[in-house]
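Chemist: Sequence:
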Amino acid sequence: MNAGGAVSWLWARHDIRRRWRSLVLLGLLAGITAGLVIASYDGARRTGTALHRLRVATAGSDAVVFASQSSSGVAHPDWSLLAERPEVKRLGVWGLVFGELDGNPNGGPLFAPADDVWGTSMDAPIVLEGRMFDPKASNEMVVDENVVRAGQAKLGQVLHFTAAGSDADFDSGVFTGPTTDLTVVGVVRYSGQFLFATDGTAMLSPGYLATYGSRVDDHQNAFVELRDVPDAIGQLRRDANNFYAGAPVLDENVVARRVQTTTGVERIMLIALAIVIMLAGLVLVGQAVTRSAAAISADSDTLRAMGMSRTQLVIAAIEPHVITALVAIAVAAATAIVASRWFPVGLAARIDPSRGIRVDVVLVVLGVIVLAALVLGAATVAALQATRLDLGSAGRASTGAAHWLRGVRPVTVRLGATMAYDVGARRSSSVTRPALIGSVAAMVGIVGALTLDHGLTRALANPQLAGVAWDIDLSPDYNNPYAPIDPTALGKIESTPGVGDVGIISRRLFDIDGTGVPTYGITTATKGEPVSLASISGRAPATPDEIALGPATAKALGVGIGDSVHFANGAAMTVVGKALFPTDVHSTFDEGAWLTPQGFAAVDAAITPPGAEVRLGIRVAPDASTGATIAALGTALGEGPQDIEPSGVPPELSNLTFMKTLPNVLAAFLAILGVAAVGHVLFTTVRRRAREFAVLRALGVTRPGLRAVVAAYGSAIAIAGVVVGVPLGYVLGRAGWRGIADRVPLAFESPLALFVAVLVVPVTLVIANLLAIVPGWRASRLQPAQVLRNE
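Just so we're aligned, residue 1 is where the sequence shown starts under this note's numbering, counting upward by one.
Heads up, a few of these hints could be off.
What the hints assert, rightly or not - Calculated cross-link-like contacts (lysine to aspartate or glutamate; reagent style EDC-like; alpha-carbon spacing at most 16 Å):
hint, residue 1, residue 2
1, 89, 231
2, 492, 584
3, 492, 477
4, 89, 181
5, 154, 116
6, 154, 199
Stated by the list, open to error - Simulated DEER-style distance windows between Cβ atoms:
hint, residue 1, residue 2, range
7, 227, 728, 48 to 58 Å
8, 621, 742, 29 to 39 Å
9, 648, 86, 28 to 38 Å
10, 154, 481, 28 to 38 Å
11, 136, 482, 38 to 48 Å
12, 146, 105, 43 to 53 Å
By construction, these hints were calculated from the structure, which means they are not laboratory data. The beta-carbon is built from N, C-alpha and C at its ideal position, and this holds for glycine as well.
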């Protein structure tokens, strides 16, 4: 080893002994930051696969055939016809059982498996508490988490249940079926609780129908697992339409969008969070490592005189940071593993079948390798810059900023702004440039996140964007939903306080191009403005030969606006628009067809026997509440078989509440990034440009003037973030909300959040000036004679 090598070895060991605490602290900061990045990214990956993993873990089905909704009205259809079809791998039959549950006459529906497939080998729930039911027991049931969360039942509870019998129980209002004490033996999770428009699922043991089936009014349906054959779901729809009089088929892979829309955005948000944490680490920890490695520049002249070459100087500066890298690797791995306990978040956290501490060895190993490379790479670059022999460019400055700022008054403001935008060859620009980038990036992210949050808030507050076209659903006689609306009852309804617009909603399953489609016709009653469904493109049907389709229905039928569809009676109609529909368990809110009242009546009359479900859609007056109006309607109509309830909000919309927190968390992290970037550059600039501040002081600039220079410096960096970041952030946020609205789908409204411009801009400037107070005070306290003498 030559003399320079020996000196390098000795200096590195001395530097380690002198600064080991700060080196370890840097490793801790870098490790925690990297660990959070790894955990956030891994959480994003788990979020994207949460539903798929749950469906795999529970042997999830692919579709549901709702034979109970067919026009044939057969309670127990011949399922062997469908089971033998080539697209069907297997099916599980189940029935809906209604009755009086613990004194509630509207108890149910309870899901009752009619064979040993559904709930056992298909859609077999994951047991969270207790156990699964005994398939042979007639008095056991399990409930999903939603039931427990709503307080409707809990583990170990015994519920007294009287079922609707096989005779006309609903017409008489008396339940004559078997009476059973049902025990909740387990709390479970399965994909159906997230896919269907339900507040919870209670599943009876197969032993219930095996014991009481002949005495229970259970209209059967079937879950189906499809084979991997071309157009399996299309063939299933056609077969269900042929075998079971137009029974609707719910494609669970399409319905999965109810969940995947939300989890997809949650995934993107977690990736963005990982990026933000990484940027914050690069700004804060990265610059700390850079300063630490550049510290050798203070001793470089002496060390060169002792025989060290530039290469040896660089190695001596890097070696102490091997400790930082080793500490960072260990802390990053530990942090990633521990932090995985809290990922995924939001809706995906409820779905994930294996949420908890987990180790993705490949991801952790790759993450710590990249971390070590970044730490040592940053130290290397900083050491190379700190040991340059040619420093002749240190005093050169770019003149572009000075040229367009020369008219700014007062001079102190011009000086501060020039320092901020002087990103030429000065060594101090290596601090200013990252601060400008950090300020712009933070503002883009903050404005984008707030714009996205504004779109979410507006959509959740305005369910009409998701097709909720009226506030109250009213069935005057649920015992006979096909009966025409009684004019006397309609008059009472229209005169009830709080009632605004009233529409008569007719619904029936029609065969459209060989597929059973829930179809609506709407007639506006005598009071109020016209009631209609929500159009998202094109227009509403205006003549009897026009139709609007749900986006999912149009895609399934392979048609678009301007194309024609055909009904079973031969009638052809032109598609003039796409619309959203009332949501229910049998179809999603983007599935359906909308006809004019005349067109609906013509198609309905061609079916034997004619007849459609009829109910009322009521809009609440602007000055009334939905709850008070429902209570007033109940009083006006008196006791009877009517059903009055708020219109259902599609799960696709309500699920968006789970992601409300993420934009705010993202905005908060970005705000921290921006504050850290501006604060760091202000403190660092005062130290690095001490000579320039001393010269200004010697030339007569007052202490308040120096404070004004520093404040102008910080404000200029903040203004750069505002000027570039606000419009770009709004464009990105609007594009992000457009993507969500198209995917849900929702009627798109531009999320123009005026408060962003009104509030964010002045707040940003205020924060920048507050951050400048301490650095400005330090600059004003510099002693020119001492600083210049040291120089």
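Chemist: It remains to establish, for every hint, whether it holds in the given structure.
Modeler: Here is how each hint holds up against the structure:
no. : hint                   : result
1   : 89 to 231              : holds, 14 Å
2   : 492 to 584             : violated, 27 Å
3   : 492 to 477             : holds, 15 Å
4   : 89 to 181              : violated, 36 Å
5   : 154 to 116             : violated, 25 Å
6   : 154 to 199             : holds, 15 Å
7   : 227 to 728: 48 to 58 Å : holds, 49 Å
8   : 621 to 742: 29 to 39 Å : holds, 33 Å
9   : 648 to 86: 28 to 38 Å  : holds, 36 Å
10  : 154 to 481: 28 to 38 Å : holds, 34 Å
11  : 136 to 482: 38 to 48 Å : holds, 39 Å
12  : 146 to 105: 43 to 53 Å : violated, 22 Å
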